[in-house]
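The lines below spell out each chain.
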Amino acid sequence: QKEVEQNSGPLSVPEGAIASLNCTYSDRVSQSFFWYRQYSGKSPELIMSIYSNGDKEDGRFTAQLNKASQYVSLLIRDSQPSDSATYLCAVNRAAGGGNKLTFGTGTQLKVEL
Amino acid sequence: DAGVTQSPTHLIKTRGQQVTLRCSPKSGHDTVSWYQQALGQGPQFIFQYYEEEERQRGNFPDRFSGHQFPNYSSELNVNALLLGDSALYLCASSFRLAGGTDTQYFGPGTRLTVL
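If you read the sequences in order, they're chains A and B. Residue numbers for the first sequence follow my numbering, beginning at 1 and rising by one. Residue numbers for the second sequence follow my numbering, beginning at 1001 and rising by one.
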């Protein structure tokens, strides 16, 4: 079982629709959760962070966390063509004096005109 | 406010050579982490430096080593390069918070090609 799992996609949604991206993780001790957006050939850019169960909203983005189900999701409302990118789910766990991010393989999102 | 910077942008090496990649963290950050991202994959954690010491290490061989300087900048060294080391190398910086919840911000990356 992979530590962080995402559907690789591509996920295609029409412009203006809601895009729903999902992620599951295996380590119950994980403490914080992040969504990064990565355009082709570029580095990951932080979209959202979430630490507690429930929803966290920031503009068109909503992150949802359910620690009991070990599930994190990202909703993008009013999707725009500029949202077309790969979305990486990352899970943070502190251990041995440091902490590391463990990433999924990413979900490719395509927003179509 | 300068973000995370990395140099060089691109690098081409041959098998067996050694390479050094450099990273300057975002202003106010004291922790640097390095990741390797192969094509079509998520970034893989190499190691993390804080207070000039390696604090945590991922599943990478000893050919991968690093250093953090007093000004918090960092270097990643890879010896005896293999074809499989070709990847995007990402540096991420953060400010160390209690409980390990630091948020990491990535630099633009160094694209390493090994021929």
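Everything labelled a hint here was simulated from the structure, so no lab data went into it. Since this is a predicted model, take the numbers as computed values, not measurements. Just so you know, not all the hints are guaranteed correct.
In the SDA-like style, the derived pairs of lysine to any residue whose C-alpha atoms are separated by at most 25 Å in a straight line are [to be verified]: (1) B:Lys1013 - A:Ser40; (2) A:Lys2 - B:Tyr1105; (3) A:Lys110 - A:Thr24; (4) A:Lys67 - A:Glu5; (5) A:Lys56 - B:Thr1009; (6) A:Lys42 - B:Ala1087; (7) A:Lys67 - B:Gly1084; (8) A:Lys67 - B:Tyr1050; (9) A:Lys110 - A:Lys67; (10) A:Lys42 - B:Glu1052; (11) A:Lys42 - B:Glu1051; (12) A:Lys2 - B:Leu1039; (13) A:Lys110 - A:Asp55; (14) A:Lys42 - B:Glu1053; (15) A:Lys2 - B:Glu1075; (16) A:Lys67 - A:Thr105; (17) A:Lys110 - B:Ile1012; (18) B:Lys1013 - B:Tyr1050; (19) A:Lys2 - B:Lys1013; (20) A:Lys42 - B:Pro1070; (21) B:Lys1026 - A:Asp58; (22) A:Lys110 - B:Pro1108; (23) A:Lys110 - B:Gly1040; (24) A:Lys2 - B:Glu1051; (25) B:Lys1026 - A:Glu45; (26) A:Lys67 - B:Arg1096; (27) A:Lys56 - B:Phe1095; (28) A:Lys2 - B:Thr1103; (29) A:Lys42 - B:Gln1006; (30) A:Lys56 - A:Leu46; (31) A:Lys42 - B:Ile1012; (32) A:Lys2 - B:Ala1002; (33) A:Lys42 - B:Ser1086; (34) B:Lys1026 - A:Leu46.
Which residues of chain B face chain A? A partial, calculated answer using Cβ under 7 Å [said to hold, decoys possible]: (35) Pro1043; (36) Gln1048; (37) Phe1064; (38) Ala1087; (39) Leu1090; (40) Gln1104.
Even for Gly, the Cβ is constructed at its ideal location relative to N, Cα and C.
Results for each hint:
For the hint pairing lysine 1013 of chain B with serine 40 of chain A, the CA-to-CA distance comes to about 23 Å; that is within 25 Å, so the pair holds. Using a Cα cut-off of 25 Å, the hinted pair lysine 2 of chain A and tyrosine 1105 of chain B holds, with the two alpha carbons roughly 24 Å apart. About 21 Å separates the Cα atoms of lysine 110 of chain A and threonine 24 of chain A, which keeps this hinted pair within 25 Å; it holds. Between lysine 67 of chain A and glutamate 5 of chain A, the direct Cα distance comes to roughly 15 Å. Compliance with the 25 Å bound is thereby established for this hinted pair.
Simply put, lysine 56 of chain A and threonine 1009 of chain B have alpha-carbon atoms about 35 Å apart, too far for the 25 Å limit, and the pair is violated. Between lysine 42 of chain A and alanine 1087 of chain B the alpha-carbon distance is near 13 Å, which keeps this suggested pair within the 25 Å criterion. Of the pairs offered as hints, the one joining lysine 67 of chain A and glycine 1084 of chain B is violated, with about 36 Å between alpha carbons and a cut-off of 25 Å exceeded. For the proposed pair lysine 67 of chain A and tyrosine 1050 of chain B, the alpha carbon gap of about 29 Å is over 25 Å, so the pair is violated.
The hinted pair formed by lysine 110 of chain A and lysine 67 of chain A fails the criterion: a straight-line CA distance of about 28 Å is larger than 25 Å. A hinted pair counts as satisfied when its Cα atoms are at most 25 Å apart, and lysine 42 of chain A with glutamate 1052 of chain B does not qualify at roughly 28 Å. Taking the CA atoms of lysine 42 of chain A and glutamate 1051 of chain B, the gap is about 29 Å. The hint is violated against a cut of 25 Å. The hinted pair formed by lysine 2 of chain A and leucine 1039 of chain B meets the criterion: a straight-line CA distance of about 18 Å does not exceed 25 Å.
In summary, the hint linking lysine 110 of chain A to aspartate 55 of chain A is supported, as the alpha carbons are separated by about 24 Å, within the 25 Å threshold. Among the hinted pairs, lysine 42 of chain A with glutamate 1053 of chain B is inconsistent with the structure: their alpha-carbon atoms are about 29 Å apart, more than 25 Å. This hinted pair does not check out: lysine 2 of chain A and glutamate 1075 of chain B have alpha carbons roughly 29 Å apart, beyond 25 Å. Proximity of lysine 67 of chain A to threonine 105 of chain A is assessed by CA-CA distance (about 20 Å); at most 25 Å being required, the pair is judged to hold.
Taking the CA atoms of lysine 110 of chain A and isoleucine 1012 of chain B, the gap is about 32 Å. The hint is violated against a cut of 25 Å. Under the criterion of a C-alpha separation no larger than 25 Å, the hint pairing lysine 1013 of chain B with tyrosine 1050 of chain B is inconsistent with the structure, at around 29 Å. The hinted pair formed by lysine 2 of chain A and lysine 1013 of chain B fails the criterion: a straight-line CA distance of about 32 Å is larger than 25 Å. For the given pair, lysine 42 of chain A sits about 29 Å from proline 1070 of chain B by alpha-carbon distance, which is inconsistent with the 25 Å threshold.
Our distance criterion of 25 Å between C-alpha atoms is met by lysine 1026 of chain B and aspartate 58 of chain A, whose separation comes to about 23 Å. Restraint check: the Cα-Cα separation between lysine 110 of chain A and proline 1108 of chain B comes to about 23 Å, which is no more than 25 Å; the hinted pair holds. Restraint check: the Cα-Cα separation between lysine 110 of chain A and glycine 1040 of chain B comes to about 16 Å, which is no more than 25 Å; the hinted pair holds. A hinted pair counts as satisfied when its Cα atoms are at most 25 Å apart, and lysine 2 of chain A with glutamate 1051 of chain B does not qualify at roughly 31 Å.
Our distance criterion of 25 Å between C-alpha atoms is met by lysine 1026 of chain B and glutamate 45 of chain A, whose separation comes to about 14 Å. Between the alpha carbons of lysine 67 of chain A and arginine 1096 of chain B the distance comes to roughly 24 Å, so the proposed pair stays at or under 25 Å and holds. Straight-line distance between C-alpha atoms of lysine 56 of chain A and phenylalanine 1095 of chain B comes to about 22 Å, which keeps the hinted pair within the 25 Å bound. With a CA separation close to 22 Å, the supplied pair lysine 2 of chain A and threonine 1103 of chain B stays within the 25 Å bound.
Annotation: proposed proximity of lysine 42 of chain A to glutamine 1006 of chain B holds, straight-line Cα distance about 13 Å (limit 25 Å). A distance of roughly 14 Å separates the Cα atoms of lysine 56 of chain A and leucine 46 of chain A; the hinted pair therefore holds under the 25 Å criterion. Distance restraint check for lysine 42 of chain A and isoleucine 1012 of chain B: the Cα-Cα separation of roughly 18 Å lies within the 25 Å cut-off, and the hinted pair is therefore satisfied. This hinted pair does not check out: lysine 2 of chain A and alanine 1002 of chain B have alpha carbons roughly 35 Å apart, beyond 25 Å.
Among the hinted pairs, lysine 42 of chain A with serine 1086 of chain B is consistent with the structure: their alpha-carbon atoms are about 16 Å apart, no more than 25 Å. Between the alpha carbons of lysine 1026 of chain B and leucine 46 of chain A the distance comes to roughly 14 Å, so the proposed pair stays at or under 25 Å and holds. Because the closest C-beta pair between proline 1043 of chain B and chain A is about 5 Å apart, less than 7 Å, the hint holds. Because the closest C-beta pair between glutamine 1048 of chain B and chain A is about 4 Å apart, less than 7 Å, the hint holds.
The restraint placing phenylalanine 1064 of chain B at the interface with chain A is violated, with a minimum CB-CB distance near 14 Å, outside the 7 Å limit. The beta carbon of alanine 1087 of chain B comes no nearer than 13 Å to any beta carbon in chain A, farther than 7 Å, and the hint placing it at the interface is violated. Checking leucine 1090 of chain B against chain A by beta carbon gives a least distance of about 6 Å; that is within 7 Å, so the hint holds. Interface hint status for glutamine 1104 of chain B: upheld, as the beta-carbon distance to the closest one in chain A is roughly 6 Å, under 7 Å.
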